[in-house]
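Sequence order for the protein chains is A and B. First residue of the first sequence? That's 1 in my numbering, and the numbers climb one at a time after it. First residue of the second sequence? That's 1001 in my numbering, and the numbers climb one at a time after it.
Since the hints were made in silico from the structure, they are not lab data. Watch out, some of these pointers could steer you wrong.
Said to hold, decoys possible - Here are the simulated DSS-like pairs of lysine-lysine, each with C-alpha atoms no more than 25 Å apart in a straight line:
(1) B:K1115 / A:K360
(2) A:K421 / B:K1171
(3) B:K1170 / A:K293
(4) A:K158 / A:K290
(5) A:K148 / A:K290
(6) A:K432 / B:K1112
Stated by the list, open to error - Output of the computed footprint for chain A on chain B, the stretches with three or more beta carbons under 8 Å from beta carbons of chain A:
(7) 1145 to 1151
(8) 1172 to 1178
(9) 1190 to 1203
Unchecked claim - Here are a few chain A residues that face chain B, going by a calculated C-beta distance under 8 Å:
(10) I380
(11) I388
(12) N396
(13) L409
(14) L410
(15) M412
(16) V413
(17) L416
(18) E429
Don't be surprised by glycine CBs; every beta carbon is placed ideally from N, CA and C.
Okay, here's what each chain looks like letter by letter:
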Amino acid sequence: MINDIFNILLPQFVLGGFIILLLVLSMVLSPRLYKYARIITVVGISSAVACLSTVQTDPQYFGFRNSIMSDSYTLLFDFMILCCGFLVALLSKNLVQKHKRSAFTYFAILLTAIFGAMNIVSANDFLTLLVSVELLGFSTYFLLSVSKGYHSKEAAFKYLITSAVSTGIFLFGVSYLYGVTGSLNFTTIYEYITKNETSLIYTISAIMIILGLASKLAVFPFANWVIDVYKGTETSTLAYLSTIPKLAMFGIICRLMVFPLSNSFEIVFVIAVLSLITALWANTYAIREKNVKVILACSSSANASYALLTASLVSVYNLSTVIFYLICYVIMNIGVFAYLNMYGDEKSFDVNAFKGIYHKNHGHTALYTILIIGLAGIPITSGFIAKIYLFTAIANSGLVFVPFLLGLLLLMVLALFYYLKILMPLFSEYDKNTTVEKFNTNFSQKFVVAVSAIITVLLGICPEMLIELCRFIAYNI
Amino acid sequence: MNMLLSVPFLVFLPLVISILIMSPLFTSNEVIVRRFSKSVFGFHFLYTVIMLIFFSSANPYTADINMFGLDWIQSLGVKFSLKIDTISMILITLTSFIFFMSSVSSKFNIRKNHKFYYSMLMLLESAILGIFTASDMFLFFLFWELEMVPAYFLIGGNFVENYKYQEDAKKSAIKFILFTFFGSMFMLLGILLLHYYNFVSNGILSASFADITDITIPITIQMLIAVCMLIGFGVKLPIIPLHTWLPDAHTNAPTPVSMVLAGILLKTGAYGIYRFNYEMLPQTFKIIAPVLALLALINIIYTAFVCYAQTDIKRIVAYSSISNMGLVLLGLCAINQIGLTASVFHMVSHGLVTCGLFMIAGIVYLRFKNRNIDTVRGVAAVMPRLFGFAVLIVLASIGLPLFAPFISEVLTVIGAMNSDISVFIRFAALFSLPLLILSSCYMLKFLHNCFYGEVTEEYVKVNDLAVHEFFVLASILGALIIFGLYPNSIIGMFG
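In isolation and in its complexed conformation, chain A is listed as follows (with noise of 0.2 Å):
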């Protein structure tokens, strides 16, 4: 038990002790003290962040009977999710200031919801995947509900309805699989699959089991919240949204698409049906809207779609270049929301608000503009590298494939439409009766866009040795 903890769980206990601090803080200092939580959250996760040096990796580790495993595979998305946290728990400055009295809260919510999300990609059983999942979703919840206003409890109001549909969905899949397989231990059922022959209702369970976790990415039957969420909530919060729930629930259906569920054609096929109307349905949405948040919030669903898409096609090729483009897709978002949080949550996310924005401030501006450029897929950004990657191997599928990667190829040429959409108003002329005003920053957030957009350009121009770490990864899972 202590082995295990000290091989494993290390990070996410420390993670835990802080959480535990935060709380403790908040019921003792008073408001004034605001500023120190978000001090303690970066060292919190720093020190996560370093104690994942701990976590055996080499050969796989099972622990807690076999109910959390480690290995590369898991220490990268641990990585990936502590350094999303660690961002956007800088941006974060300017929701506490607004909200000094629950600033401790916030960050134990966060820290929470972290802990979750780490948990959720080291699961190696259904009932460990169940609470991290819901530990997760109800962070979630808080968090989108901090900020008042009849928008932010709508927000969060629907994402904790459909969080809680998509667990029934996703918990009636399992009780089906436990009635077939007599186990909820990942290890147990692979094997079980590999010596019976796959029935119709382990096929439906595992359709079921799958929606119900990929209802987080806004996958089809799931995925209106995205819309009124993305619309009321606060940027910071979006960066958060947009980037950990994604890479923990990644995270695990990759793996339960290579292990436990190891395929049957007609799951294979039904997932990629649904992410291709998600794509459709998302790309299509956006090209009306005209709020900058809900535009983006149909990008990340559509984005999502894609690499579920190619996650599905299980082979472990695909699974590199899936975690490649998360890796590159999770950054560039991360950078556009400290954009946003730079622009100000106060201010109206219409299209139209932001004419003439790039004559006031280059700098930050034209780093937007990379990001925008990299979310559409052109060079010489790490998205355009993601997406050839992601399409190879959809292309390497076979030729059954060749219409669903058609369907993308053309979905993205209405994606270009939205993101243009997006970025033609920062560059023309603004009106002279209106001014446009010089954004009033702080270091963090520069530091966040500057970051993503230099890792953006960097990975589009020599993305050789993150690949190599993919392939690495997906190759020992």
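Let chain A serve as the given structure and place chain B on it in line with the hints.
Positioned in the frame of chain A, the structure of chain B alone reads:
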């Protein structure tokens, strides 16, 4: 001397300068930015000419770039490798020349956002040179996509003062980028399939042009790939149903940008068809060629009629370039040495001609604030020098002897007539001959309407050509005459 000639320098010099100009440290003084960019373009042109002089098709220039000691994307077999062979060399020289001309002619046209404009122009040159030199499919695709970004900003950007067509220009820019992206997505599909099936059937994980062979790939898949590629390049060329972005973009863009678009950008489409369909997938190209020849014929005849109905000078030139690109396509469809030579020759001569025609249209618009051939009258009376150049360049575009287009058009028809692929291509060649008559109809209509007649009172005192305009027109005309009198300078390069 060969030590000094480097392909990466040729391709990436404009990119580096573009970043330099864009950086906030660089001066924002308009005159300095303009003169600096002009001299860079001039230097680049000189450098290209030196390369051309030392070029021999026996040992083409090649360069492999390893970034941080790594191949670009090893796991896909993608290399950052550049190569210049005969056709690339000719097109690179043309690119460099037209960009130089365009930058010189920007003086009166571009009045705002100088830094952004010149940096985008440099970026565009770099991307186009990349397309012409890339010898790896994914690298080719990278440059192909990269080229859209500066082109988009150049077409839709706010560079001209009190420009009547500014709003239209923005819309055209979006139309341009969506069409191109649509095409390039098909192209990407083609590239991915070609890459994968080449790997499956030949066992070499490589995206290099040299490693692709079509012999072992199943013919149906080859056909699929070829059609995808043709859609991709057909948007750029343009082939008829995919052409609607072109007249808008070319008409509404600022004049120097139109010169670049018509002069070079269209040629990337033809170059792509040559590289991918003609060279890498010859089996399917033989099957597709008659169909393409039909499309080329439609391009030639249909747009010539459309062109005759236009009233905007720039629109006339834009449609005439679609018509002429049909001729380039026809030359490629012949699948023989004469056809290929003629098609490359026609790319050069047509590039020069449209560049000159757009220049004339731009000069007329600058002076008269109007581009409608029904209302502009009597330019010849007030601008005799422009009239001289206009007559010569219009005659060249019609295809009169002494000028380059004459040689290339005749060669194309000869090439297509000699084609042994299908009787159909010979028919297409025969029916494309009326182009010569039709082009003289619309071009002479433009000349008559605008240049003759009485000039209205308010325009009596417009200035004739300025020095830089004279320089541009004279250089273009000089090049046209040189290639017209001594066509062997290009034909000879093919050996």
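Checked hints:
For the hint pairing K1115 of chain B with K360 of chain A, the CA-to-CA distance comes to about 16 Å; that is within 25 Å, so the pair holds. A hinted pair counts as satisfied when its Cα atoms are at most 25 Å apart, and K421 of chain A with K1171 of chain B qualifies at roughly 12 Å. With a CA separation close to 24 Å, the supplied pair K1170 of chain B and K293 of chain A stays within the 25 Å bound. Restraint check: the Cα-Cα separation between K158 of chain A and K290 of chain A comes to about 21 Å, which is no more than 25 Å; the hinted pair holds.
Distance hint between K148 of chain A and K290 of chain A is fulfilled; the C-alpha atoms sit about 24 Å from each other, no more than 25 Å. Among the hinted pairs, K432 of chain A with K1112 of chain B is consistent with the structure: their alpha-carbon atoms are about 17 Å apart, no more than 25 Å. Counting residues of the stretch 1145 to 1151 of chain B whose beta carbon lies closer than 8 Å to any beta carbon of chain A gives 4, which meets the minimum of three for the stated coverage. Only residues whose beta carbon comes within less than 8 Å of a beta carbon in chain A count, and the stretch 1172 to 1178 of chain B has 3; three or more means the coverage holds.
Here the stretch 1190 to 1203 of chain B counts 4 residues with a CB under 8 Å from a CB of chain A, which clears the bar of 3, and the coverage holds. Interface hint at I380 of chain A: satisfied, since its Cβ lies 7 Å from the closest Cβ of chain B, which is below the 8 Å cut-off. The interface hint given for I388 of chain A holds, since its Cβ lies 6 Å from the closest Cβ of chain B, which is under the 8 Å cut-off. Look at N396 of chain A: its Cβ gets to within about 5 Å of chain B, closer than 8 Å, so that hint holds up.
For the restraint placing L409 of chain A at the interface with chain B, the shortest Cβ-Cβ distance is roughly 4 Å, inside the 8 Å limit, so the hint holds. The interface hint given for L410 of chain A holds, since its Cβ lies 6 Å from the closest Cβ of chain B, which is under the 8 Å cut-off. A hinted interface residue such as M412 of chain A counts as satisfied when its beta carbon comes closer than 8 Å to some beta carbon of chain B; here the least separation is about 6 Å, so the hint holds. About 5 Å separates the beta-carbon of V413 of chain A from the nearest beta-carbon of chain B, less than 8 Å, and the hint is met.
Hint status for L416 of chain A relative to chain B: holds, with the closest Cβ pair at about 5 Å, below 8 Å. The interface hint given for E429 of chain A is met, as the beta carbon of that residue sits about 6 Å from the closest beta carbon of chain B, less than 8 Å.
In terms of the numbered hints stated before, the structure departs from none.
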